[in-house]
Amino acid sequence: MPVVEVKHLKKYYGKSRGIEDVDFNIEAGEIFGFIGPNGAGKSTTIRTMLALIHPTAGSANIFGKDCQRYAPEIAREVGYLPSEVFYYDTMRAGDLLRYSASFYKKDCSRRIRELSDTLDLDLSKKIDDLSFGNRKKVGIIQGLLHEPSLIILDEPSIGLDPLMQQRFFSLLLQENQRGATILFSSHILSEVQKICGRVAIIKEGRIIHEEKMSTFRESSYKKVAVESATPLDPAYFQLEGITSLETNGRSASFIYRGSVNVLMQRLAALNLSNVSIGEPDLEEVFLHYYQ
Amino acid sequence: MNILMHELRMYRRSTLTWVMALAATTVFFLAMFPAFHRETAVVTQLLGAFPQLFREAFGVSVDMMVSVVGYYTFLIGYIALVGAVQAMNLGTSLLSREISGKTADFLLTKPVTRSRVVLGKLLAGLVILAFTNLVFITVSCATAFIVSSESFDIKLYLLLSFIVLFMQLIFYAIGFVISTIARRIKSVLPLTLGTVFGFYIISLFSSAIKDDSLRYLTPFRFFDTAYIVNHAAYELPFVLLGLGIIVVAFGVGFVVYRRRDIPAA
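Sequence order for the protein chains is A and B. Take my numbering: the last position of the first sequence gets the number 766, and nothing is skipped along the way. Take my numbering: the last position of the second sequence gets the number 366, and nothing is skipped along the way.
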């Protein structure tokens with residue numbers, strides 16, 4: 476049974492679209508990347524799953540239960556980190572975390588200590604006095620302190636410096652090894668690429684593409700750049716499998732997926748002065764979905 | 102229970118401020134009673150100089166300088182006005198603060214039903230109002246004993262004092278139901294002051310033109326002090342109306358909040 480089952484989810488805010496038709500599953504133990512440009516509907520999907528908002532149509536099940544009807548029950552096993560964290564300003568970080576822990580029927584004090592040590596957070600400080608990055612750490616601890624079996628992250632790494640981002644990612648991998656399923660929403664493809672096993676791309680309220688990262692890595696995507704002694708005709712590159720073509724006088728670059736032999740034959744006919752063929756990153760492959 | 106305790110902690114400071122302000126105002130005005138009482142003749146003459154319409158609007162009458170209870174009937178309306186502002190402010194902010202402070206995402210993704218969130222907050226507010234009135238009534242009665250040279254009807258005095266609690270509950274409920282319906286309330290105080298003073302002005306107007314049908318429109322006229330002094334009781338229809346407003350507002354608030362969308366940060 477999938478941990479998350481989103482079925483034809485639709486949400487309209489009055490007449491404006493939140494999401495049109497979102498459909499995906501997440502299996503137990505997966506780290507699932509949810510990517511798309513701003514305003515595509517990532518947060519709307521997540522907020523519906525968390526029962527903060529009610530769907531216009533469709534449904535979402537978490538742990539096999541309807542996410543609206545059984546929200547409090549589901550929430551026991553869900554940890555959520557929003558993109559921007561806001562807490563009660565006058566509280567101390569430690570008090571906020573203890574308040575958060577008081578909702579779960581278990582003792583979380585040791586875990587609060589461990590996590591705050593890992594992330595280097597001073598629990599005696601008032602929320603108001605914390606920097607944006609430190610507030611984010613409070614958010615991370617708050618999301619993980621009850622050892623949830625599903626972790627939902629909405630643009631989680633904004634505001635963390637590279638070192639903290641690394642610690643945060645290794646924390647997530649630890650949780651994943653412990654058995655936690657993770658939904659990781661982001662518009663930064665490179666971080667999704669770093670951590671996720673499977674990705675779905677959302678655009679204008681619909682899932683437009685879903686792929687395993689392993690398939691993606693194994694597939695023969697090539698990033699090709701050529702320079703020629705003579706001006707290049709874009710029409711020459713009208714070959715099946717070529718995307719993101721950019722030509723500029725004597726140079727051209729594109730992403731290619733398909734038989735390398737076919738590509739080489741095509742390129743061999745050119746009067747090349749330079750060529751580079753490499754592995755593209757996720758961003759380059761999926762860029763055309765964004766446009 | 103944790104939500105209740107959390108809210109009490111969050112409102113500790115503002116509650117103490119309100120309670121002290123209310124108690125200090127009460128003591129200050131009651132302390133002036135002996136002076137008015139001694140100079141009854143002068144005060145009577147002075148009040149007589151005001152137009153009758155004005156006196157009726159503000160509930161000023163000549164015989165209220167005779168006893169501390171009479172003086173209190175004049176005073177209690179203003180204390181209730183201050184109390185109404187406190188209560189509506191509280192009722193409105195308990196839930197709306199989570200949305201304007203963007204903490205609703207935190208609270209409502211915890212394993213707790215929305216009904217329990219609302220219940221915890223409502224109870225916290227009721228505890229705060231109960232505490233406020235406990236202090237107010239104690240301080241008020243004690244001061245009355247000190248400033249009054251003669252004995253007075255303590256039952257009547259308490260009946261008058263409890264007007265404040267009743268008014269607070271009504272405005273607390275109104276504030277609460279508004280906060281569940283409004284999508285987002287940016288600042289609570291202007292809304293509170295506008296509503297409370299709106300009702301207050303209606304009450305001044307209705308007192309001045311002596312239109313009793315307008316009494317049903319404003320909580321400030323649910324408790325007629327002259328009636329209370331004469332009958333040693335509240336008027337049942339208005340008590341029921343007040344209770345009705347409270348029950349309906351709480352009920353509607355619960356239902357609306359369970360179903361509503363929480364706007365994104």
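By construction, these hints were calculated from the structure, which means they are not laboratory data. Errors might be hidden in some of the hints.
[Stated by the list, open to error] Quick list of simulated restraints, FRET-style, between CB atoms: (1) B:348 to A:545: 45 to 53 Å; (2) A:541 to B:334: 46 to 54 Å; (3) B:348 to A:487: 46 to 54 Å; (4) B:311 to A:603: 48 to 56 Å; (5) B:356 to A:588: 16 to 24 Å; (6) A:641 to B:356: 42 to 50 Å; (7) B:156 to A:489: 46 to 54 Å.
[Claimed, not checked] Taking lysine to aspartate or glutamate pairs in the EDC-like style, the calculated list, with each CA pair at most 20 Å apart, reads: (8) B:203 to A:559; (9) B:203 to A:604; (10) A:678 to A:564; (11) A:490 to B:325; (12) A:601 to A:570; (13) A:485 to B:362; (14) B:203 to A:630; (15) B:287 to A:564; (16) B:311 to B:325; (17) B:203 to A:564; (18) B:203 to A:603; (19) B:203 to A:679; (20) A:482 to A:496; (21) A:687 to A:759; (22) A:580 to A:604; (23) A:540 to A:604; (24) A:485 to A:679; (25) B:287 to A:759.
Note that the structure is predicted; figures quoted are calculated from it, not measured. Note that beta-carbon positions come from the ideal geometry of N, C-alpha and C, so glycine has one too.
Hint by hint, here is what the structure shows:
Between residue 348 of chain B and residue 545 of chain A the beta carbons are some 30 Å apart, a value that contradicts the proposed interval 45 to 53 Å. Between residue 541 of chain A and residue 334 of chain B the CB atoms are about 53 Å apart, so this pair conforms to the stated range of 46 to 54 Å. Distance hint check: the CB atoms of residue 348 of chain B and residue 487 of chain A are about 34 Å apart, inconsistent with the given range 46 to 54 Å. In this structure, residue 311 of chain B and residue 603 of chain A meet the distance hint of 48 to 56 Å, their C-beta atoms being roughly 53 Å apart.
Here the CB-CB span from residue 356 of chain B to residue 588 of chain A is close to 42 Å, at odds with the stated 16 to 24 Å. Between residue 641 of chain A and residue 356 of chain B the CB atoms are about 47 Å apart, so this pair conforms to the stated range of 42 to 50 Å. Taking 46 to 54 Å as the suggested C-beta distance range, the pair residue 156 of chain B and residue 489 of chain A conforms, at roughly 52 Å. Taking the CA atoms of residue 203 of chain B and residue 559 of chain A, the gap is near 9 Å; set against the 20 Å cutoff, the hint holds.
Between the alpha carbons of residue 203 of chain B and residue 604 of chain A the distance comes to roughly 17 Å, so the proposed pair stays at or under 20 Å and holds. Proximity of residue 678 of chain A to residue 564 of chain A is assessed by CA-CA distance (about 35 Å); at most 20 Å being required, the pair is judged violated. Proximity of residue 490 of chain A to residue 325 of chain B is assessed by CA-CA distance (about 49 Å); at most 20 Å being required, the pair is judged violated. A C-alpha spacing of about 9 Å is found between residue 601 of chain A and residue 570 of chain A, which places the hinted pair at or below 20 Å, so the restraint holds.
Taking the CA atoms of residue 485 of chain A and residue 362 of chain B, the gap is near 14 Å; set against the 20 Å cutoff, the hint holds. Simply put, residue 203 of chain B and residue 630 of chain A have alpha-carbon atoms about 17 Å apart, close enough for the 20 Å limit, and the pair holds. Distance hint between residue 287 of chain B and residue 564 of chain A is fulfilled; the C-alpha atoms sit about 17 Å from each other, no more than 20 Å. At roughly 12 Å between alpha-carbon atoms, residue 311 of chain B and residue 325 of chain B fall within 20 Å of each other, so this suggested pair holds.
Simply put, residue 203 of chain B and residue 564 of chain A have alpha-carbon atoms about 11 Å apart, close enough for the 20 Å limit, and the pair holds. Using a Cα cut-off of 20 Å, the hinted pair residue 203 of chain B and residue 603 of chain A holds, with the two alpha carbons roughly 14 Å apart. For the proposed pair residue 203 of chain B and residue 679 of chain A, the alpha carbon gap of about 26 Å is over 20 Å, so the pair is violated. Using a Cα cut-off of 20 Å, the hinted pair residue 482 of chain A and residue 496 of chain A holds, with the two alpha carbons roughly 8 Å apart.
This hinted pair checks out: residue 687 of chain A and residue 759 of chain A have alpha carbons roughly 16 Å apart, not beyond 20 Å. Proposed proximity of residue 580 of chain A and residue 604 of chain A is contradicted: the alpha carbons are some 30 Å apart, above 20 Å. A distance of roughly 40 Å separates the Cα atoms of residue 540 of chain A and residue 604 of chain A; the hinted pair therefore is violated under the 20 Å criterion. Between residue 485 of chain A and residue 679 of chain A the alpha-carbon distance is near 12 Å, which keeps this suggested pair within the 20 Å criterion.
The straight-line distance between the Cα atoms of residue 287 of chain B and residue 759 of chain A is roughly 42 Å, outside the 20 Å bound, and the hint therefore fails.
Hints 1, 3, 5, 10, 11, 19, 22, 23 and 25 from the earlier list are contradicted by this structure; the remaining hints agree with it.
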